[in-house]
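Listed below, chain by chain, are the residues.
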Amino acid sequence: MPTVSMTVNGKSVSADVESRTLLVQYLREHLGLTGTHVGCDTSQCGACVVHVNGESLKSCTVLAAQVEGADLTTIEGLANGDELHPMQEAFRENHGLQCGFCTPGMVMSALDLVQKNSDPSEQDVREWLEGNLCRCTGYHNIVKSILAGAQALKG
Amino acid sequence: MTGTGIGASIKRVEDQRFLTGNGHYTDDINRPGQGYAWILRSPRADDLPNFLVTTQSVMGASNPLEVKGVGEVGAIGSPPAVVNAILDALAPLGVEDISMPATPNKVWQAIHDSSVRQAAG
Numbered sequence: 001m002p003t004v005s006m007t008v009n010g011k012s013v014s015a016d017v018e019s020r021t022l023l024v025q026y027l028r029e030h031l032g033l034t035g036t037h038v039g040c041d042t043s044q045c046g047a048c049v050v051h052v053n054g055e056s057l058k059s060c061t062v063l064a065a066q067v068e069g070a071d072l073t074t075i076e077g078l079a080n081g082d083e084l085h086p087m088q089e090a091f092r093e094n095h096g097l098q099c100g101f102c103t104p105g106m107v108m109s110a111l112d113l114v115q116k117n118s119d120p121s122e123q124d125v126r127e128w129l130e131g132n133l134c135r136c137t138g139y140h141n142i143v144k145s146i147l148a149g150a151q152a153l154k155g
Numbered sequence: 001m002t003g004t005g006i007g008a009s010i011k012r013v014e015d016q017r018f019l020t021g022n023g024h025y026t027d028d029i030n031r032p033g034q035g036y037a038w039i040l041r042s043p044r045a046d047d048l049p050n051f052l053v054t055t056q057s058v059m060g061a062s063n064p065l066e067v068k069g070v071g072e073v074g075a076i077g078s079p080p081a082v083v084n085a086i087l088d089a090l091a092p093l094g095v096e097d098i099s100m101p102a103t104p105n106k107v108w109q110a111i112h113d114s115s116v117r118q119a120a121g
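These protein sequences, in sequence, are chains A and B. For the first sequence, position 121 matches number 121 in the working numbering, and the numbering has no gaps at all. For the second sequence, position 12 matches number 12 in the working numbering, and the numbering has no gaps at all.
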């Protein structure tokens with residue numbers, strides 16, 4: 001079994017895994033970071049989005065071994081203790097979640113949008129979210145949250 | 001409507017854990033000896049085994065119509081309960097039917113019509 005090492009939320013981690021292990025399995029089963037979810041297992045729903053070297057990526061789409069040596073951030077790595085990240089706070093403020101299953105992927109995906117476009121329009125947000133599915137609330141409040149989060153991050 | 005009401009934003013206590021990746025879902029539960037269902041992908045389309053699709057209808061046992069609710073379970077019981085409650089409240093006025101959605105205007109109209117009927121004797 002190959003040893004796969006990477007940095008996750010600022011911590012160096014290393015584990016022996018079967019070569020077929022998906023990144024999301026590595027995160028959830030080997031590192032216990034269950035905030036990253038598996039919604040569809042087929043790269044459609046976006047509940048598994050994490051950041052790899054600063055870019056959003058569906059972690060059920062790649063093997064753990066493919067991101068060897070990379071720097072990852074998951075939903076668990078955003079908040080500063082009890083203090084939510086501004087984007088998380090915006091979701092909370094604007095009721096951008098109901099059951100919360102799609103939320104980690106939504107937040108991680110939103111942050112990648114904002115770092116590429118710090119002042120997105122509603123249309124930009126809606127188009128960006130084509131790879132993230134929500135089955136509870138619809139997208140209205142999610143879009144509202146992301147727009148508010150973008151403004152908060154601009155400061 | 002602003003401030004309160006259905007659809008208004010409310011800061012929920014559970015959001016703190018959902019937003020930080022600390023929510024627990026059925027996928028996160030691992031019992032000793034637990035079975036797992038996985039999607040087994042087929043490398044080639046013709047590797048798919050033959051299969052036969054059939055339906056098996058079983059009548060519901062809980063009501064005279066032997067029907068069963070499907071879909072969003074929470075949305076099946078509540079609308080009839082609300083409509084029944086309205087009809088129960090309006091029964092003394094002789095209102096026997098009200099169609100959904102039971103808007104304030106419809107309820108008012110039903111009350112109004114019944115009093116007109118009663119006045120007409």
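The set of hints was computed from the structure by calculation and includes no laboratory data. A couple of the hints might just be wrong.
[As the list claims (entries may be wrong)] Here are the simulated DSBU-like pairs of lysine-lysine, each with C-alpha atoms no more than 30 Å apart in a straight line: (1) A/LYS144 x A/LYS154; (2) A/LYS116 x B/LYS11; (3) B/LYS106 x B/LYS68; (4) A/LYS144 x A/LYS116; (5) A/LYS116 x A/LYS154; (6) A/LYS154 x A/LYS11; (7) A/LYS116 x A/LYS11; (8) B/LYS11 x A/LYS144; (9) A/LYS154 x B/LYS68.
These numbers were taken from a predicted model, which means no experiment stands behind them.
Cross-check of the supplied hints:
Under the criterion of a C-alpha separation no larger than 30 Å, the hint pairing A/LYS144 with A/LYS154 is consistent with the structure, at around 16 Å. At roughly 29 Å between alpha-carbon atoms, A/LYS116 and B/LYS11 fall within 30 Å of each other, so this suggested pair holds. Note on B/LYS106 and B/LYS68: the hinted pairing holds, with a Cα-Cα distance of about 29 Å set against a maximum of 30 Å. Distance restraint check for A/LYS144 and A/LYS116: the Cα-Cα separation of roughly 18 Å lies within the 30 Å cut-off, and the hinted pair is therefore satisfied.
Taking the CA atoms of A/LYS116 and A/LYS154, the gap is near 13 Å; set against the 30 Å cutoff, the hint holds. The hinted pair formed by A/LYS154 and A/LYS11 meets the criterion: a straight-line CA distance of about 28 Å does not exceed 30 Å. Under the criterion of a C-alpha separation no larger than 30 Å, the hint pairing A/LYS116 with A/LYS11 is consistent with the structure, at around 25 Å. Only pairs whose Cα atoms come within 30 Å are accepted, and B/LYS11 paired with A/LYS144 is accepted, the gap being roughly 15 Å.
Proposed proximity of A/LYS154 and B/LYS68 is contradicted: the alpha carbons are some 52 Å apart, above 30 Å.
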